[in-house]
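Engineer: Sequence:
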Amino acid sequence: MPVTRFAPSPNGSLHLGHAFSAIAAHDIARAGGGRFLLRIEDIDGARSRPELAGEFRADLAWLGLEWREVAPQSARLASYAAAAQRLRGEGLLYPCTCTRAEIAARAKQAGPEGPVYPGTCRNRGGADATAEGGVPVAWRLDVAAALARTGPLEWDDALAGPQAADPARLGDVVLVRKNEPASYHLAATLDDAADGVTLVTRGHDLFAATHVHRLLQALLDLPVPKWHHHPLLLDDATGTKLAKRRNSPSLADRRRAGECGAELAAALRGRRFPAGISLG
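Going by my numbering, the first residue of the sequence shown is number 1, and it counts up by one from there.
None of these hints come from the bench; they were simulated from the model.
The C-beta atom is built at its ideal place from N, Cα and C for all residues, glycine as well.
You may find that some hints are simply not true.
Per label pair, the in silico range of CB-to-CB distance [what the hints assert, rightly or not]:
id, residue 1, residue 2, range
1, Ala257, Gly151, 49 to 57 Å
2, Ala257, Ala101, 37 to 45 Å
3, Pro249, Glu102, 34 to 42 Å
4, Arg256, Arg68, 24 to 32 Å
Take the sequences, apply the hints, and build the full model.
Structural biologist: Below is the structure:
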């Protein structure tokens, strides 16, 4: 029986892309007699708006979905700290003071998430939470050292099939952000394990991140789920995915305007998208 989840961040309203993803996860769970979970990923610093969680629940109910809600990320901080401390104790994390501008200027290659970190701070040593002068640091995973520990790894996608894990393509990713408890990579991996998720259903834009998540599962002795990376809804005018930061039309606005959520859900299931939107 599959256990799937929808895990939105309350830093902007949900849009059609979110609806498509939530419906996919919901329907896979229901078809297999499993469970569909809702998890609010609310540790995005000042950008998190707690009031949006209620909007998310209203949107999902309007679409006709049923779910079981699990603990939000803000209630899981101790688990993130414990995992980071374990990896630090094993010598697999190192502190980094580099800014985004410095990384962009020094990077020699681009990866799925932007410029690949060039390893500037990898050999500086030190394990304090702050650098000299009290400057906050991020904690990065030494991917080469981690892979030496685990050996070759694989993971399986329901659509793309078996994959050889290649986390090095993303470089030494941040697991604990400056002034924040955890990055998406660490938090989502720990949360999916804690919630018993067996099929991680999410957009194809997160396909590359799974290479890192598989490595973290091996390092932290976590169960290994299967993944389902579905295609993305695209704005035909720009060729880009629908996104909060691009002010894509929100589900809440459609709901308040009196649109029928059940009809919208049926259209998305049948891949009948509104004009100007396609499946990429």
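Engineer: Lying within 34 to 42 Å: is that true of the beta-carbon distance Pro249 to Glu102?
Structural biologist: 37 Å, holds
Engineer: Is 49 to 57 Å right for how far apart the beta carbons of Ala257 and Gly151 are?
Structural biologist: 54 Å, holds
Engineer: Taking the beta carbons of Arg256 and Arg68, is their distance inside 24 to 32 Å?
Structural biologist: About 26 Å separates the Cβ atoms of Arg256 and Arg68, which means 24 to 32 Å holds.
Engineer: Confirm or reject the claim that Ala257 and Ala101 have a C-beta distance inside 37 to 45 Å.
Structural biologist: Taking Cβ atoms as reference, Ala257 and Ala101 lie about 42 Å apart, which means the hint holds.
Checked against the numbered hints given earlier, the structure satisfies every one of them.
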